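A.B. asks: Using the hints, put the two standalone chains together into the complex.
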Amino acid sequence: MTWLLALILLPLLGAVAVAFLRRDDRLATMTAFAVSIVELVLILPLWLSYDPGGERLQQVSSLEWIPAFGVHISFGIDGIALLMIAVIALLVPVVIALLRSTDKIPEGKDVGGLLSLILVQQSLTIAVFAATDVFLFYVLFEIMLIPMYFLIGGYGGPRRQYAAVKFFLYSFLGGLIMLASAIGAYSLAADELGEGTFDWATLVEVVSEAPLETQIWLFLGFFLAFAIKAPLVPFHTWLPDAASQAPVAVTVLLVGVLDKVGTFGFLRYSLPMTPDASAELAPVVLVLAVVGVIYGSMLAAGQTDMRRFVAYVSIAHFGFIALGIFAFTQQAVAGSATYMLNHSLATGMLILVLGIVAARGGHTRIDAFGGMAKVTPVLAAMLLIAGLSALSLPGTNSFISEFLVLLGAFDTRPAYAVVATVGMVLAAAYVLWLYQRIMTGPVRGDAMLAAAPGPGTAAAPEAGARKTIRDLGGREIAALAPLVVLIIGLGFYPKPVLDTVNPSVEQTITAVQER
Amino acid sequence: MNPFLAQQVQTVDAPGIDWGAILPMVIVFGAACVGVLIEAFVPKHQRWSGQVVLTLGSIAAAGIALGAYVSGRPSHGVLTMAGTLSIDTPALFLWGTLLALSVAAVLMIADRSVEPGGSFVAQAGIAPGTVQDRAQVQSTGMQTEVFPLALFALGGMMAFTAANDLLTMFIALEVLSLPLYLMCGLARRRRLLSQEAAVKYFLLGAFASAFFLYGLAMLYGYAGSVKLADIATAAAGTDRSDTLLFAGLGLLMVGLLFKGSVGPFHTWTPDVYQGAPTPVTAFMAACTKVAAFGGILRVLTVAFEATSWEWRGVMWAVAIISMAVGAVLGLTQTDLKRMIAYSSIAHAGFLLIGTMALTDEGLSGTLFYLLAYGFTTLAVFGVISLVRDSSGEATHLSAWAGLAKRSPLLAGVFTFLLLALAGIPLTSGFVGKFVVFSAALSDGMAPLVVIALVFSAVAAFFYLRVVVLMYFSEPASDGPTVSVPGAFTTASIALGVIVTLLLGLLPTFALDWAGAGGFALGG
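Residue numbers (our numbering), protein chains in the order written: chain A, 1 to 515; chain B, 1001 to 1523.
Bound-form chain B, shown alone (with noise of 0.2 Å):
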């Protein structure tokens, strides 16, 4: 008889729950629970300014609630809710990561004046090109359910990279999936083209989990318990089938670093940051990444480490082929939401490589590395969407010369950023590639880091070229006009701005921070 149906049946204890760690993730999901009864019950016309005020109130609540905690937090983390979430200094830092980011994404949703009405459609469910359609084109209204939506994400986000067993990490993937799929298609102007964003991210998404999913099921074929602690038990001294705990790891991985859009499992990446409605994009390209490799990060540091020989050279091979695809590819690209995804996977290539690392630098150094690139990406989306033509954003390249003429405290703006992507020194782009190649070098990997130096330099070309358009070149005479951003999309790229140079000259106390712990480990 199966053991597990042998014993005998007990009383079922409700597992303790340290709500004062949790409180930020539930604040969270409480607050888009609430947004979606205000959805429900308040008037059209009121829906708006009670959904921004219940987002920003309820992020920046949860982030009071994560100070408060982390003052006085155990060093050594927690384990709570029957141990599948670990509440520990990464995950901490993710969160408070995941939040002010998030208040930056939220700042760009919530402005409607750049796009009059904001960049959200009226109504998603009208097909496109049809006579409701092209009425709704000048409609002002839009679908505030965005709201609640980014508020699940973000919370799915925050679960994610506390998750401490398989099963939770892939409910926290759907949590956070599913509303993102949603919001790629609400895009106000090109609706075809955002729809099919949301429909190529929800298949594709779809078939990631599934792999997720698959993998998870062989792992706990093989260690008998999804939680990472007991993989990491099984794997360290067992004569069970290895192809069981390598096929399992592939197929988990594959889920993730679909997630974090690592080549070659990218090609999503484009196509649905070029659809998405942009501070959607701004959104998924800062947050998911952040929760992406918070995930990666976790389940190689906790449940895998001590087989780390055999699944590190495919790692290599992943990062290799993700920065090569991002910086050339790249340099193909003549839209620049599309140039910014290539950009963004040849990111995931470097910060692969600090996750790589499993060591307390390489830990430290991708947390800070996804910080910074989160809220640089964001401002380069920020200022993506200023740059307007009469038929929405104008994001060809061709449109972008001669920028610098016309408002050269924008063109300033994303020259900087520009540079930071490319990782020039005294910005946060150069700190963040600094602590995790050097990471990777102190552990040796040092062909990589070379590899990785010398994509850099091939990636920072395509950077260079819309500085040169923006520059050096003549503006068309019908080139798009540069949107007086309104007060939120001011705030939002501003944050963005200021951390990118605070992280270049004092990176010291978010170092600090970054590398205050590790992973809680015991299951």
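One chain only, chain A, in its complex shape (with noise of 0.2 Å):
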């Protein structure tokens, strides 16, 4: 068994003995934390086994599922892969270490079954982006959907239902649509190779090689479940709905893991398999792209509510990542990849922050708080700490992935840089703007200020009391300082992670190049 099985297997039994734990629970929080710590350490062994300049695809397993369609169960890493299962290995302990500070669990569901089904869904985001077997895949993407909809749906908002729909809808269908793709794939390999395959590698190969037409069409399928899932400008418009309605612990695994599936597909799937369809059709994903940098940015900054304005900003930066992808050259792309990893670091904090800070005033409208930095100075810093990643302050990760996208991105495509640019600009405005509004300024809102006397009474000595706030305590600074470190550390010195990508990046876009 390789360590990457571990790591697809563990978390699945740690659901089901959560799941039989679920009337106590401390007892079955301390277990779903026990299973993550543990799959936390297991990456170590997978990141040290991982040889960057070795194979294409390492870790590999292979079982023969469904020998009628050439369908196996086989899983591998490459270096983007690997950031991804290590980013959501890391961001499970975390979201679970703070489940207590940002979420309420609804009245009459447990919080063993909340947990249980994040573990089910941990299990199962590895397992996709660990897939190398595109039925699998396929399989794995749609699957995934069941534990979010019903984390969604069971354990958010007041909206929630509504957005736990929309969610899978969109998702599912986007599926649907790529499922017709990989069946228009598989039936090339048959008619190329006289017996039909799902093999990743195999289809790569057969498929790049189509003409452009067939290319084109296939290329479509993948590209919208993709474009859905990640998502780009205009196929986005459930993501605010369900990262306004999902508990705070969701909302960060969905944006910040769940999500990345869909710029994942462009590399592993897209770029490599319809290398003449994608440089033919780079345009337009470029223009989506940009067009969802300013459009998520603008929105972002109308946004009155935390949670959709985190929405707007991953909108935002996913835009930047579309961008990278498709400028095909190695510093864009190799900047991409490592967006992915930075913006589920930074992004997963900002979340998280602005989750305790909802919290904790009761409110998630960002005009009930003002002034909040005097009252809690803790998590007005790891609010600001957040806010600059995202905003790809220099010295935080994010500068470093935004940076080497835009100048690989103007090095081919100067035009769309250029217009990217504005969106760093932009994002300086609404990160600066949100802090200022919550953090700066006198003590005021309803979330920290007592409720004020209505209309027509005399004011009364005690309304506009300042109400109190709790500061960040220990466990909740403990369970943040991990993302605080890697965000600066990785400001300063992000070669492992670039090198552990590059052989990747490169291997991804030869064939594109070629073209």
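What the hints contain is simulated information worked out from the structure, not anything from laboratory work.
No experiment lies behind these values; they were computed from the predicted model shown.
By construction, the Cβ of each residue, glycine as well, lies at the ideal position given by its N, Cα and C atoms.
Careful: at least some of the hints might be erroneous.
Said to hold, decoys possible - Covered, in the sense of this in silico footprint (three residues per stretch, anywhere, with C-beta under 8 Å from a C-beta of chain B), are these stretches of chain A:
| no. | region |
| --- | --- |
| 1 | 74-84 |
| 2 | 186-199 |
| 3 | 203-210 |
What the hints assert, rightly or not - Computed list of lysine-lysine pairs in DSS-like fashion (alpha-carbon distance at most 30 Å, straight line):
| no. | chain 1 | residue 1 | chain 2 | residue 2 |
| --- | --- | --- | --- | --- |
| 4 | A | Lys104 | A | Lys467 |
| 5 | A | Lys104 | B | Lys1405 |
| 6 | A | Lys166 | B | Lys1405 |
| 7 | A | Lys166 | A | Lys109 |
| 8 | A | Lys495 | A | Lys374 |
| 9 | A | Lys104 | A | Lys166 |
| 10 | A | Lys109 | A | Lys467 |
| 11 | A | Lys104 | A | Lys374 |
| 12 | A | Lys109 | B | Lys1405 |
C.D. replies: Okay, here's the thing in structure tokens:
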């Protein structure tokens, strides 16, 4: 058994254990946390045994599943998948540790159920990044929706049913269209080789030699699924609903890792399998990407709700990632690949900190807050760190990635790069403005002050008194600390991450660069 | 002088019969006749147990006979009874499917614990709303005629899927339909609705049969024979009137598509599914669909393969209409049984796509789909029969709100089945869709497949709506209770769920069986 298989199976077993222990909240939480920590520790041997200069896919294991269609249960990772697996292994223990500070479990539900579903989600997400059989990838891509559907619909906010169904249907439709493309690739291989297969490497070889028109159809099927998942404008409308209604812990995983399946899909499937079509249609994707950057930024600035704010910030960032990928230069794609990691760290932390702010204040409206830094200085500092990383300040992790994306894109697509740079400026504006509104100035707002007396009554002396809001405790600081360390650490020393992804990036774009 | 009359009178040789091949069918028909005798001669209180034992026993015996025959069968199938029956691999696969499905359906029919006395009325002849009718609500007896009726229907379906000429097919069609019309009218609760369903089904079914017969006559006029193989030969290269051929085919297909509840010939489906006793609905939804599509497959493949270019465009339209009607109207339903009825119309559209492919993959894919769909639907109706309030089954959607709180197991099972109907991976529904769509795609029907995928997503919405209701809504205070199922219904649901899961995880063995051989073409 490879380390990779252990990483996939462990959370599943943990989920079963947690489901059995759900009567006791404390025990269930401890178990889930312990499982997620073991999972995180298991990343170490996986990372150490990964040889960046070695084979394209490592930790390979394969088992025949449906011989009639040449379907295998096969897993393997490249550098990009490794990063994504590592980041979900990191985020799950963090969100479990902070669960009590960020989320209130709805009446009649138990925390064990939530944690159990989160562990299932973790296992499936790792598996989807590790799948090297296209059929298996599709199966996991769709199955992955089910725990997320129950997480949003069962534990979310007041409009959770709507959000859960919308999320599911968008992704399900995208997945089905992708299925059509996968079957198309399969029958192409069946014609070419005399025997159908879903093996990723074989399909890449066969499909990349197909005529342009065929490639375009196959590209479009995969693209739609990934563009909904990522999400790119105009396929994004499910994300603000899902992100604002899901529990904070779930939003972190959804925006932080699940959505990366979309951009990961571009790198793993779209570019290598359909290089001609990718090159042909790149301008279309680039337009969507740049529109996403600007549109997401502007809408983020206009949001009055913290949760929706984060969703639009992410849409802008996904625009950047897509821009880098479809610029087809080594620098830009490496920038995008590391951005996928750095966005998870930065946005994950931003969602968590804003979740704590909202939970402490009892509001998610931004204008319910003001001057909070005076009351909770540590929380303010954390928000600032997360915010600065989200706006890609030099010295934080995101800067390197965003810089690489813009630099690489400028070589081949200067116009798009220039427009996207405007997005960086906007990012500074929306993040700092958010910080200013929540944290600085005089203490004000519904969340900070006791309710003001109604009109017509004389101002009572106690009206307008500050509510007591606790600053971050030791446990919460400890849970956020690894994120802070990585955000700053990777800002100054990104080499290990870049070294890990660079060979994979190079192999990804060779085919498309030759066109 | 008519050449037929000019022939010399010869002694008629009795046609050779391959008893081994048709033994399963003979057992079923024989048991049905014995069942009628039981009704006539066995005292009332012993009939139920006698009928259950006889019915299940005969289906099991037929299954064993089938198994014994399959292992040593000739690989290209045999024609027997003077070429009227073709016992080939698809026929044997469909027989196996029908027998397995009817075990589950008969188990549900036999259950007397969910509804005291069973789902069937004691005396169907009493007019609804009369004094006698109100009196019989209290009685717990049931019309045990339902068992031989089910066996006759089953036998008819088996004959239908093996029929190699149109006349045999027509007779089998009637044999399978007439008992079903009757069974629809036997519901213990909501008598009026049940009788309406029976009458509606009978009238529309009679129309469809007439269409079928008219088409048969035209095809006979065209080819001079009712044998499928002769029609194929005649169509392959003659200067006979194409009008006759295609008018005949069109009318024939109306009759067949009606039975398969394919839109736009679906109008009976929601009413009948809703009105019939739920076990009968389950039997109809699963087995009739299998038989009808078995027949459509055979007719199209054996008789009309050569002319497929001419009729395929029309069938495209039919498939699209069926998917659209099923998926879109399904969204507006508030009654669960009606919703599943529309779902079955959408599924019929998907099935038709595989049927049209006329390739080996299309054949095996459609056969697999039928098997998978049959078991899932049976289990769905089994679950529906368990959720009840004081007036019987609570099939209105609002009654299902918050069900997961009160009985998580039932809600979990139902969610799984709905996901299977929606075609989520790791269920048989997904594998079925996959094989059918991939067959269609490699046969050059890419646009149709894309349309089908879009309608799959639309249909997923109404399955999800039920899941949302069960899990995320607050239960109504006067909501229905969930009956504790008796052993029979439990076994039936468990069988459906296990098969749905098994075919989703390890579909290989069933796919191999379904793909083991094609129709026997020889005349």
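A.B. asks: Which hint numbers does the structure go against, in order from smallest to largest?
C.D. replies: 1, 3, 8
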